[in-house]
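Novice: Fit chains B, C and D to the supplied structure of chain A, relying on the hints for placement.
Chains as they are written, first to last, in UniProt numbering: chain A, 1 to 281; chain B, 1 to 281; chain C, 1 to 281; chain D, 1 to 281.
What the hints contain is simulated information worked out from the structure, not anything from laboratory work. The hints are all genuine.
Pairs count within a copy or across copies, as identical chains cannot be separated in the list.
Below, computed lysine-lysine pairings styled on DSS-like, alpha-carbon distance capped at 30 Å: (1) 122 x 165; (2) 165 x 22; (3) 233 x 165; (4) 143 x 165; (5) 165 x 204; (6) 190 x 277; (7) 204 x 2; (8) 22 x 190; (9) 22 x 2; (10) 122 x 238; (11) 204 x 22; (12) 190 x 10; (13) 14 x 204; (14) 238 x 22; (15) 14 x 122; (16) 122 x 81; (17) 190 x 14; (18) 233 x 10; (19) 10 x 204; (20) 238 x 277; (21) 165 x 238.
Protein chains: 4
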Amino acid sequence: MKLIKPDILKQVVKVRPANSYKGTFGRIVTIGGNLNYGGAIIMTTSAAVHAGAGLVTCACNSANLTALHTIVPEAMFLDYKNRPSLLNAVQSADVIVIGPGLGNDSLASDLLLQVLSQITGKQQLIIDGSALTILSQQENWPKLLPQQTILTPHQMEWQRLSGIKIADQNDLEQNLHVQQQTGATIVLKKNGTVIYHPDQTTAKLTIGGPYMATGGMGDTLAGIIAAFLGQFKNSPTKLVIEAAVYCHSAVAQQLAENNYVVLPTSIIAALPQFMQKVVNS
Amino acid sequence: MKLIKPDILKQVVKVRPANSYKGTFGRIVTIGGNLNYGGAIIMTTSAAVHAGAGLVTCACNSANLTALHTIVPEAMFLDYKNRPSLLNAVQSADVIVIGPGLGNDSLASDLLLQVLSQITGKQQLIIDGSALTILSQQENWPKLLPQQTILTPHQMEWQRLSGIKIADQNDLEQNLHVQQQTGATIVLKKNGTVIYHPDQTTAKLTIGGPYMATGGMGDTLAGIIAAFLGQFKNSPTKLVIEAAVYCHSAVAQQLAENNYVVLPTSIIAALPQFMQKVVNS
Amino acid sequence: MKLIKPDILKQVVKVRPANSYKGTFGRIVTIGGNLNYGGAIIMTTSAAVHAGAGLVTCACNSANLTALHTIVPEAMFLDYKNRPSLLNAVQSADVIVIGPGLGNDSLASDLLLQVLSQITGKQQLIIDGSALTILSQQENWPKLLPQQTILTPHQMEWQRLSGIKIADQNDLEQNLHVQQQTGATIVLKKNGTVIYHPDQTTAKLTIGGPYMATGGMGDTLAGIIAAFLGQFKNSPTKLVIEAAVYCHSAVAQQLAENNYVVLPTSIIAALPQFMQKVVNS
Amino acid sequence: MKLIKPDILKQVVKVRPANSYKGTFGRIVTIGGNLNYGGAIIMTTSAAVHAGAGLVTCACNSANLTALHTIVPEAMFLDYKNRPSLLNAVQSADVIVIGPGLGNDSLASDLLLQVLSQITGKQQLIIDGSALTILSQQENWPKLLPQQTILTPHQMEWQRLSGIKIADQNDLEQNLHVQQQTGATIVLKKNGTVIYHPDQTTAKLTIGGPYMATGGMGDTLAGIIAAFLGQFKNSPTKLVIEAAVYCHSAVAQQLAENNYVVLPTSIIAALPQFMQKVVNS
Numbered sequence: 001m002k003l004i005k006p007d008i009l010k011q012v013v014k015v016r017p018a019n020s021y022k023g024t025f026g027r028i029v030t031i032g033g034n035l036n037y038g039g040a041i042i043m044t045t046s047a048a049v050h051a052g053a054g055l056v057t058c059a060c061n062s063a064n065l066t067a068l069h070t071i072v073p074e075a076m077f078l079d080y081k082n083r084p085s086l087l088n089a090v091q092s093a094d095v096i097v098i099g100p101g102l103g104n105d106s107l108a109s110d111l112l113l114q115v116l117s118q119i120t121g122k123q124q125l126i127i128d129g130s131a132l133t134i135l136s137q138q139e140n141w142p143k144l145l146p147q148q149t150i151l152t153p154h155q156m157e158w159q160r161l162s163g164i165k166i167a168d169q170n171d172l173e174q175n176l177h178v179q180q181q182t183g184a185t186i187v188l189k190k191n192g193t194v195i196y197h198p199d200q201t202t203a204k205l206t207i208g209g210p211y212m213a214t215g216g217m218g219d220t221l222a223g224i225i226a227a228f229l230g231q232f233k234n235s236p237t238k239l240v241i242e243a244a245v246y247c248h249s250a251v252a253q254q255l256a257e258n259n260y261v262v263l264p265t266s267i268i269a270a271l272p273q274f275m276q277k278v279v280n281s
Numbered sequence: 001m002k003l004i005k006p007d008i009l010k011q012v013v014k015v016r017p018a019n020s021y022k023g024t025f026g027r028i029v030t031i032g033g034n035l036n037y038g039g040a041i042i043m044t045t046s047a048a049v050h051a052g053a054g055l056v057t058c059a060c061n062s063a064n065l066t067a068l069h070t071i072v073p074e075a076m077f078l079d080y081k082n083r084p085s086l087l088n089a090v091q092s093a094d095v096i097v098i099g100p101g102l103g104n105d106s107l108a109s110d111l112l113l114q115v116l117s118q119i120t121g122k123q124q125l126i127i128d129g130s131a132l133t134i135l136s137q138q139e140n141w142p143k144l145l146p147q148q149t150i151l152t153p154h155q156m157e158w159q160r161l162s163g164i165k166i167a168d169q170n171d172l173e174q175n176l177h178v179q180q181q182t183g184a185t186i187v188l189k190k191n192g193t194v195i196y197h198p199d200q201t202t203a204k205l206t207i208g209g210p211y212m213a214t215g216g217m218g219d220t221l222a223g224i225i226a227a228f229l230g231q232f233k234n235s236p237t238k239l240v241i242e243a244a245v246y247c248h249s250a251v252a253q254q255l256a257e258n259n260y261v262v263l264p265t266s267i268i269a270a271l272p273q274f275m276q277k278v279v280n281s
Numbered sequence: 001m002k003l004i005k006p007d008i009l010k011q012v013v014k015v016r017p018a019n020s021y022k023g024t025f026g027r028i029v030t031i032g033g034n035l036n037y038g039g040a041i042i043m044t045t046s047a048a049v050h051a052g053a054g055l056v057t058c059a060c061n062s063a064n065l066t067a068l069h070t071i072v073p074e075a076m077f078l079d080y081k082n083r084p085s086l087l088n089a090v091q092s093a094d095v096i097v098i099g100p101g102l103g104n105d106s107l108a109s110d111l112l113l114q115v116l117s118q119i120t121g122k123q124q125l126i127i128d129g130s131a132l133t134i135l136s137q138q139e140n141w142p143k144l145l146p147q148q149t150i151l152t153p154h155q156m157e158w159q160r161l162s163g164i165k166i167a168d169q170n171d172l173e174q175n176l177h178v179q180q181q182t183g184a185t186i187v188l189k190k191n192g193t194v195i196y197h198p199d200q201t202t203a204k205l206t207i208g209g210p211y212m213a214t215g216g217m218g219d220t221l222a223g224i225i226a227a228f229l230g231q232f233k234n235s236p237t238k239l240v241i242e243a244a245v246y247c248h249s250a251v252a253q254q255l256a257e258n259n260y261v262v263l264p265t266s267i268i269a270a271l272p273q274f275m276q277k278v279v280n281s
Numbered sequence: 001m002k003l004i005k006p007d008i009l010k011q012v013v014k015v016r017p018a019n020s021y022k023g024t025f026g027r028i029v030t031i032g033g034n035l036n037y038g039g040a041i042i043m044t045t046s047a048a049v050h051a052g053a054g055l056v057t058c059a060c061n062s063a064n065l066t067a068l069h070t071i072v073p074e075a076m077f078l079d080y081k082n083r084p085s086l087l088n089a090v091q092s093a094d095v096i097v098i099g100p101g102l103g104n105d106s107l108a109s110d111l112l113l114q115v116l117s118q119i120t121g122k123q124q125l126i127i128d129g130s131a132l133t134i135l136s137q138q139e140n141w142p143k144l145l146p147q148q149t150i151l152t153p154h155q156m157e158w159q160r161l162s163g164i165k166i167a168d169q170n171d172l173e174q175n176l177h178v179q180q181q182t183g184a185t186i187v188l189k190k191n192g193t194v195i196y197h198p199d200q201t202t203a204k205l206t207i208g209g210p211y212m213a214t215g216g217m218g219d220t221l222a223g224i225i226a227a228f229l230g231q232f233k234n235s236p237t238k239l240v241i242e243a244a245v246y247c248h249s250a251v252a253q254q255l256a257e258n259n260y261v262v263l264p265t266s267i268i269a270a271l272p273q274f275m276q277k278v279v280n281s
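Isolated chain A (complex conformation):
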């Protein structure tokens, strides 16, 4: 299995073209954040903004409007109960993230199913967090996934989706067998995250550590992946996803030299400087 190496960053994160504008760097819609888990989708959104996405709209419970604007005024807000507005935003998005803090009530299921049914093959969809649990409850879920889907389960979520017990999840063959049915990219998050690409190749992350074992870490990763997909359209999607996953842990690893626990908000704040170091190096 390929190990993701540090040069993945320089392969993907490049000097921006001079003649560009906001749209060049992607329109992202993030969907999640119910009444209890607003922080999750806010971190996803803020990560996307700080990782360089051009325009980011966050669709969430209206209770989260103020925290969203306070933390990241650069992002736009949508009430996710306003279905016409949401579908409109989804239609014009390059990348959609659904799941962080979404919860798993009937509203959440409705939102996921609507998004799944509406996305076109030109758009990229990241399914994360509670949306993965909802997905696992749908009959024959692999058939519901649009063409360019990325699933970012942690081990328990992958167990729910694949039926493979956590203890057996180091078995590449078993994981690939399920992945093959989906056509999707699977980012299986664990100590030593493994990415299963649609072409059945795999790539393993060798950095990161237990300082990342804190709430919100996955939400932040989802936002970074979205921003990278939105910006780096000229690089192969495989590399872009690997670079995003690597970037997330590389920032954390750097912060961990001086921090016992690395908070997601600290990673987010460090993204613009970290990415520029890549370009300058």
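Specialist: Chains B, C and D in isolation, oriented as in the chain A frame:
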């Protein structure tokens, strides 16, 4: 065409007179920020405060009150649906910004038309963001503009206003032809922003870059222009606008040495130090 | 007239007694912050907390609860419309500040008059901002002031209170004539602020500058005075007030070396370090 | 009596095991924060997150949702009036903190009594702030405490609980006599905090100082204790509590070199770096 040079800053940003008070540095009213785009008007407002405006009032949807006060407690709040209060604030303002995050529903149109009809020749008006789209939909819009108006369209907004296709917007003559009908200053924002002054002279920005291609960048510029107009009343308006536009990109350029994407909130935070460096240099 | 000298800080800001607790450093209640001017009372409150007050409660419009807690979670909240709770808090306070962002509607007047009628001679009362305008409208207002009152008018507010035109406010005699009727301390804020003490002595500030001419500056001063009064009970009140006024401008002056405009929130953030430098020096 | 020494930190705060996940570092539920004292529970929650707790849920008045998410988006929210959700969260928690900003109305009593009746011997419960006052009003309160309870009273709260006057609280025997009836750990907070362990041994803190005499200090300590209990399960509980109490004051002491008053939010922000220095030392 004149290229704006770094010394524009020293020509405009000067040591403050000792015997001065808040009113000396301008009363600004910012109008925008509907239920979805609150962050936009908050960035405009915060930029105005950080760029040295004396007193700033933000008129927006009441949903944005808390994010506004949290980000910039120095600013005052008005519910933009409270028409008497808003008109009162507008009347006593030196500079009015309308548009960032305003949206383009009927409330937005109403607000724009009321402001347009009420401003006196002594006041300065900056029309930005969605207010430009609304303006472009008004019959014979150039005749609606009060004496001292500044329009800050990006290329698509200028296309809507002028009818000139983006591909043709490098043609000075065409742009000047439309501008002549307005009497306004046009700040045409693009890679190499060009300012069209009411006296038909033009000035081109040669700094800035693609690290600025992110949501909220224009909202921030509008706030800086407002603050400069409010403060630097003894300098010719032409120079003040050029200095504001230059300042915005100069701060961004400086931050871009260490940041892959330069967030509007980072520019805002850097304004007081950047401006003092100009004075100290 | 005495000029306030830098050593005023060392005379007042001293190493804290080892055997002390929160109550030792004062219970402060700040009253203000209506629906439009929430930022004002939040800055007063945050200044009091950062300047070392032991326990601070902010009584304001409930719309400001979240911005208050976000900016300064160390402070407690009261809805100023909850009269029994407010009066209860006022009764157990050492220092009360009323006025920042209070507005001047009938609720505001009611609050001021109730507070004036309820304060005891052991408590200290700072009247600032819009409460000064309300006060000036009361018949024979000097007779309404409790024993230990401090008024902090800027020049227009002092004109409203005293009837002395701004142009004549450098005339000590005229100011002292009005002050004599009040028994209060008057902090007349201007370029070269002058403090009129109840014993008819005066003290003049010789630091500060036009970088302080921005919204919220006076609100912040009120909070610093309150914190100093609450903490430094063993120093003569005259010196404590002089030290607070000096501290506010000294922090601003220091920040102004690198900041074109010094924002109130920047002063607030710098207070704990500035005060420790005094003790260490 | 044992004096807590600096090496307590290295005994407890250790390099994290590589093969770990969020659950490894504890599920914490914090309960408090009514309409007036939201900042208190937010500081407890934020302290727990910054001190390394794996997953933290804050149950409080819904008015505090936005301030919570803005200050610490890493935490989850629960409306403490939603009893089924709250009890569900409590059941799956490793450590529960109840009290910071809870108030002492009937809702507060109800919440405390429900939590007391529901906790199992495997869980750890920290009772702080107003919950201690409520507890003291219950008949035969020592019998209500579950097995692994930690009380964190300041001197007045301990007087209410134990009946021992503040002047007599240096008498170890008297304190131990009451403590013996409870089976709980008592962290008696004062200048020279003393910890009374269930095995009747005691430990005294010799660091900290009057720069900590400010609102929110105790709320922050409760969060640190919770995080340490959640993370450091392999160390004896006695040492973990001592380390948490020491950590809180050690961070404050370090900040006090440059800060006249040490704000709780400053301690919280410094935790990740301070803890890493322990590991690196």
